[in-house]
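A.B. asks: Build the full structure now, drawing on both the sequences and the hints.
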Amino acid sequence: MNSKPTEQFLLKTSLIEYSLDNSNRKTFKNIKEIEISDNDSSVQWFNVYGLKHHEPIKNVIQQNNLDEFLINLIVDDDHRNKVIELDNCLFLTIKTLHYINSSFSFEQMMFIASTNYVWSIQEKSGDYFGHIRERIRDNKGIIRKKKADYLLYLIIEAIIDNYFLAYEKLLEKSQELKDMSQVKPSPDFAMLIENNKQNLFILKKAISTLREAISRLEKVNLPNFETIYFSELKEQANFMIDDIDFDLQQFESSINLIFNIQSHRLNEVMKTLTVISVIFIPLTFLAGVYGMNFKNMPELDSHYGYFIIIGFMVFIALASVFYFKKKKWF
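First residue of the sequence shown: 1, per the numbering used here; consecutive thereafter.
Just so you know, the hints here were simulated from the structure itself, not pulled from any lab data.
Hints are not guaranteed to be accurate.
[Claimed, not checked] Listed next, the in silico DSSO-like pairs over lysine-lysine satisfying Cα-Cα at most 27 Å (straight line):
id: 1; residue 1: K58; residue 2: K95
id: 2; residue 1: K95; residue 2: K146
id: 3; residue 1: K32; residue 2: K58
id: 4; residue 1: K204; residue 2: K95
id: 5; residue 1: K219; residue 2: K205
id: 6; residue 1: K124; residue 2: K52
id: 7; residue 1: K219; residue 2: K146
C.D. replies: Encoded structure:
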């Protein structure tokens, strides 16, 4: 009789086995029924939902004589994107991205692959590999003519497509921020740009580590395991990184434009204040001179002294304004 953890494991486990002539999907009632074989007659895709089935997964590894180092790797459920080559199989971990409510969430996926099987372990139930299962079931394309290397290629391609989907959702919300005509020199607008830059940096880091893992896949040396497919995946990753770099440059240009607009506005204010100060400096000087309480100041006794000094001050102000206008200083 199966234990409760084993029963939960079996409920979240399935096997798709296919060859050129047929395909079938299996579920299991007993863990001993699970056989992962590397024979040339068919290809197996063994899928498990959930990362906490440590004991059942250990049993599957041991009863199928897989490299026991896999047990240590699977117990650690927080990996970066990487590839480890083991005896007669490889271990691949990928973190998939989901862009929801203006933020990214991650899902850990692990893959064990060899010439004739792929074992996928997914953190969450449900995925975006339905079109691959459909192609296997309906014999669409060339998938049933190929080995597990091509299946792994299609799975990673679907993951990269999900990266592109997250990227497109991010771009939809940030399109206006990159439009130079829509730039607003305000703290809130600058904060929106910075938040989107941080999201792009997160996405770039994820796709960059995935590209490194794909590059490592190109160099694995498993018998009859074709690596030529993965070159195309690396090109897709490079293409996405180039697009992200371009978007980051656009956001940087928007930030620089905000600073330039603010600096220009500050310069205009300072120029206006400077012009006003220059106009009033001589007037203040005259007012200061004739505000002194000396007895021997002939102008103070003049009948028209007040009107003369006021007129002279008005003349200085008008002459200053005319000069500044001529110089186009305002």
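A.B. asks: Taking the hints in turn, state whether each one holds.
C.D. replies: Cross-check of the supplied hints:
no.	hint	in the structure
1	K58 x K95	22 Å, holds
2	K95 x K146	26 Å, holds
3	K32 x K58	12 Å, holds
4	K204 x K95	13 Å, holds
5	K219 x K205	22 Å, holds
6	K124 x K52	11 Å, holds
7	K219 x K146	20 Å, holds
The earlier numbered hints are all upheld by this structure, with none contradicted.
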